[in-house]
Amino acid sequence: MTDAKRPGRLSTLARSTIGAKIVMATTGVILVGFLVVHMLGNLQIYLGPDTMNHYAQTLKGTPALLWGVRAVLLVGLVLHVFAAIRLKGLNTAARPQEYAVPRRYRVTSSAARFMLLSGAVVLAFIVYHLLHFTVGVTNPADFNLHEVLDVATQTWVRNDNEQLLAKLPPEMVRHDVYSMFVRGFTNPLIAGTYVVAQLLLAMHLSHAVASMLHTLGLSKGTAARERNINIGRAIAAVVVLGNLSFPIAVQAGLVHL
Amino acid sequence: MDLNAKIPDGPIEGKWDRHRFEMKLVNPANKRKYNIIVVGTGLAGASAAASLAELGYNVDCFCFQDSPRRAHSIAAQGGINAAKNYQNDGDSIYRLFYDTVKGGDFRAREANVYRLAQISVNIIDQCVAQGVPFAREYGGLLSNRSFGGAQVSRTFYARGQTGQQLLLGAYQALERQIGAGKVKMYARHEMLDLVVIDGVARGIITRDLVTGETRGWVGDAVVLATGGYGNVFYLSTNAKGSNVTATYRAYKRGAGFGNPCFTQIHPTCIPVSGDYQSKLTLMSESLRNDGRVWVPKQKGDTRRPEQIPEDERDYYLERRYPSFGNLVPRDVASRAAKAVCDEGRGVGPSKMAVYLDFADAVRRLGQNVVADRYGNLFEMYERITGEDPYKTPMRIFPAVHYTMGGLWVDYNLMSTVPGLHVLGEANFSDHGANRLGASALMQGLADGYFIIPYTIGNYLAQAKLPKITVEHPEVQRCLAGVRAQTTRLLGIKGRTTVDEFHRELGLVMWDYCGMGRTAEGLKIALQKIPEIRARFWSDVAVPGANEELNPWLEKAGRVADFLEFGELMCLDALERNESCGGHFREEYQTPDGEALRDDANYSYAAVWEYTGEGSAPRLNKEPLEFKNVKLATRSYA
Amino acid sequence: MSKTMTLTLQIWRQRSANTPGSMQTYKLEGVNEHMSFLEMLDVLNAKLTKDGQDPVAFDHDCREGICGSCSMVIDGRPHGPRKGTTACQLHMRTYKDGDTITIEPWRAKAFPVIKDLVVDRSSFDRIVAAGGFVSVNTGVTVDANATPIGKKNADEAMDYAACIGCGACVAACPNAAAMLFTGAKVGHLVKLPQGQVERRGRVLRMVEQMDHEGFGACTNHRECSEACPKEISFDAIELLNREYMRAQVTND
Ligand SMILES: Cc1cc2nc3c(=O)[nH]c(=O)nc-3n(C[C@H](O)[C@H](O)[C@H](O)COP(=O)(O)OP(=O)(O)OC[C@H]3O[C@@H](n4cnc5c(N)ncnc54)[C@H](O)[C@@H]3O)c2cc1C
Ligand code: HEM
Ligand code: SF4
Ligand code: FES
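Protein chains in written order, with my numbering: chain X, 1 to 257; chain L, 1001 to 1637; chain Z, 2001 to 2252.
Everything labelled a hint here was simulated from the structure, so no lab data went into it.
Heads up, some of the hints might be wrong.
Unchecked claim - Chain L is faced by these chain Z residues, among others (derived, beta-carbon under 7 Å):
1. ILE2066
2. ALA2154
3. PRO2174
Just so it is clear, the structure is predicted and the values come from calculations on it, not from any experiment.
The beta-carbon is built from N, C-alpha and C at its ideal position, and this holds for glycine as well.
Next comes chain X alone, as it looks inside the complex (with noise of 0.2 Å):
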């Protein structure tokens, strides 16, 4: 450069509207990894309850793992919360009057105009989720389900009797993931809830993915653009057909206690 200042690096990033854009898109990364893998495991429900708590036991038993992970979620969500209001902040301030006659838009859609909506939503649900299932403070009568290891046929059965819970090894004790999930879908309420907001996540990621593809720069041209963005209706539909299924699966009584 001859003759104007040397601009900083990170300073730059954290200021700039590329920068929180790039914010916006690594951590959607790792949440929409996250979701593809959470809706992977959780379809082990059609598996049957040994399969599925099976699996919750193996991943509370590494709790490194599990930990680091949510570490990472937490972040990256707090981040991606953090940028997206941001954004709007920014791209509100960007525009002080509005147009007098409604636009005529030609190519964008409502899920990419109503982002933040969907998004504030989803993160209520999240946090919805978070305190039903991981917490189990809504319904703590369906999260409070134990399975127990028969010594003598190796296989787990379900106990309630607390006292007994807390006597045992741990390694002789299992959270019955199975039942509180089937438990909690039986719900009509709480089945619609999921329903509803797996809707509107369904509408957070029809745009999401494809948006993320483009601002990392990976849609060169217009064909390489048009791929990504059915790339990403694709992983949305399946991320939340999968999820959709779970409480419908209950519901029609297809998953049973």
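Fit chains L and Z with the ligands to the supplied structure of chain X, relying on the hints for placement.
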């Protein structure tokens, strides 16, 4: 009026080198003590402002658009000439020089033209270094095409947007200097007067087009690069804002106006479609490479073009000029079109158009090749006319395009007012009586990048310039004059719009001082123009106020100047009793209708001197000598 | 014979930057189908002038789609309904008798309204001044053909360089972002060998200036490239993102 052109001695090839050596230099440390006013940000102005700032001068730069990037140069399509001889087809500096002098019908100054041809090669180097994306061949080297009657391929181009790309290069260089604080840019400012103190150009008066504030600026030299005055005809291919105001007001302050009647009419424009027409659109000349121009043989033939059989068509250019055919120079092609329309053989609803037909080209090359070459032009035509040129021939008609006349300058680009330098289309230029295609861009950039940075130093190093401020009484006097005119315009509150007056003037100019001129017609025009002007000053409707953005006030000021300037053009055309280049006096033609020059009596540049309100301007002459190119009759037969 | 029509025009009228504006309705008769959109406004303005009313101010100059002056949102779309067409190149044959047409200025914080349909776009100039150039002084002596440039790169550079700086991309963007414009300039220069030396600093400084001007951030709606009269590809924005990320991890 002192018309010493200050042409350096010696053989023509060495003049510029020698002059560069002999010119005085300004010490690098002193350059920042000088303040230069540059008006205009077209190719000439932007390149000058940027180059001067790079050298260290402080520059105040002005344009009337909202951004320097929007200067009229942006619209040039076809290309820029340079004697690079990259195609190995026999081009050379000498050939470009020769072609330009001949193309200008021997009414340009040899030494300037030679220097232009020399510098042309540096321009391309400079532009490429700036990142101008010229067209390239698959091997990665620059591509060229032949243009407007040249028999070598020396035209560099960037699709159909050469002017845009060259201007963006200059604009970016300018913005770099603005960012560095060396140039202060004042967009949406219009120059309304030149300040001359003790015979030396020392400043300008501008109106801030947003706030209406009029103020004075002073500097050590003034550079005008304000473009051409084709809009005196109302309809032209020029941008709507192009005007004569800056140069005309400088003329009124003592700068000689050279060859005002030399205007160029471009043969391939989209014809007028109605009274509401506000401007004319050029279709690139390159279309004539493959399109064939014709009209019906029979007068008043109203059949659709497809229904007219081959043997009832007159391919008049091919018939009259067998060796150049459809590629004859602009003035020749334009006049031929006018001639057939005057015979009553014009086509289209107005009967003022000829066909440009691509049917043969499509047959010969296939639609794909034609689309590849001219697709964007065809699209543009379709957008404007609603007709598809692949199916039906285009209709074209000549339109005013460029003005070769302008403020007279010497070899150093200085006008008759010391300190006032004039660049680009605004000066009376190197194109004589007719400009070759792709040579205006070349001249604008040569002036701005490579000539003025040297010659202005020479001027400043020798000039004795007392310190002055905007409080100087002369600045204040000019300021008062400008304000008075604004007040007067706003006070008339008449019933006729500015455009109506402009259109009326344009028609008079087109009818009597357009493609064909006669002494008789010019005399009529000389009566009509003052009459329109008088009505203008008593009946013009200028809405709004001064202290706001007021496009009508701006326009009114420009039209007021056109109304005076038109008269000067007609006077010049009347005085020049010969036909040369774009100036065609119907009394002076060969039996077969070609221009008839009179070298014995008119081998000079006509330089008009303002002598005051209501008094006839005085004609001065700069004799032109041709030592290197033999005077010959142009022949394209 | 060409057709004529009667139109109802709803136009944003605002006397100056500091006065509030509003939509006003005008009836215009005798509009010829071959008129350009701006010629239609000329006719309206002549009528308003004669009626002693204030005519509508709008920016224009070349009237052939290249200077980038004209700037109006017509029926909710910058430059109107026709793809790849500036307002000055739009012709009235696009409309039919009895139509109502709404006309508004560009709206963005970085493009404040000056009057009626005229806005201040000097923010674009400042983005260019921040780095949209190659730092070469006049007088280079390297021959133009010394560095061959592959046709593909040269063509791509030209695609980006075709931007006319009109601002329709900003006007169209739900976020009033200027990334298509900025990306087009970065793209033009990065495709050429001449643009390599300042590659890193250029993008950082231009983006910094862009943000400073108060433009929004792209959220990939892709409305900009659809509205762009020069059909600058959305690739410009992806390229800008890539160049920006690259600049964060490389040195000059
Ligand atoms: C449609 C078209 C196509 C063309 N194609 C070609 C081509 O292919 N090749 C070629 O060589 N030539 C071509 N030309 C001619 C060429 O474009 C012009 O001659 C040339 O660009 C003029 O450049 P300039 O710098 O002298 O002036 P301009 O580009 O006209 O710039 C004038 C500048 O002065 C400013 N200005 C004017 N008046 C005032 C004032 N009163 N106060 C303040 N500022 C003022 C304006 O704002 C502007 O910045 C074409 C012309 C037209 C109309
Ligand atoms: C499971 C949870 C979530 C996932 C998987 C997810 C994913 C994504 C992705 C991939 C993007 C695209 C980023 C880009 O454009 O580069 C995005 C954008 C966005 N997200 Fe989320 N998100 C989630 C939750 C949230 C939450 C909780 C909020 C806010 C409250 C939110 C608000 C937004 C907003 C406003 C955008 C728009 C930015 C843009 O369009 O570029 N998201 N999201
Ligand atoms: S990118 Fe397109 S819409 Fe944006 S300023 Fe350039 S030409 Fe106009
Ligand atoms: S007026 Fe120049 S682009 Fe529309």
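Consistency of the hints with the structure:
Nearest Cβ of chain L to the Cβ of ILE2066 of chain Z: about 5 Å, under the 7 Å cut. The hint holds. Taking 7 Å as the C-beta cut-off, the interface hint given for ALA2154 of chain Z holds, the closest approach to chain L being about 4 Å. Here the hint on PRO2174 of chain Z is broken, as its CB sits about 25 Å from the closest CB of chain L, past 7 Å.
In this structure, only the earlier hint numbered 3 is contradicted, and the remaining ones agree with it.
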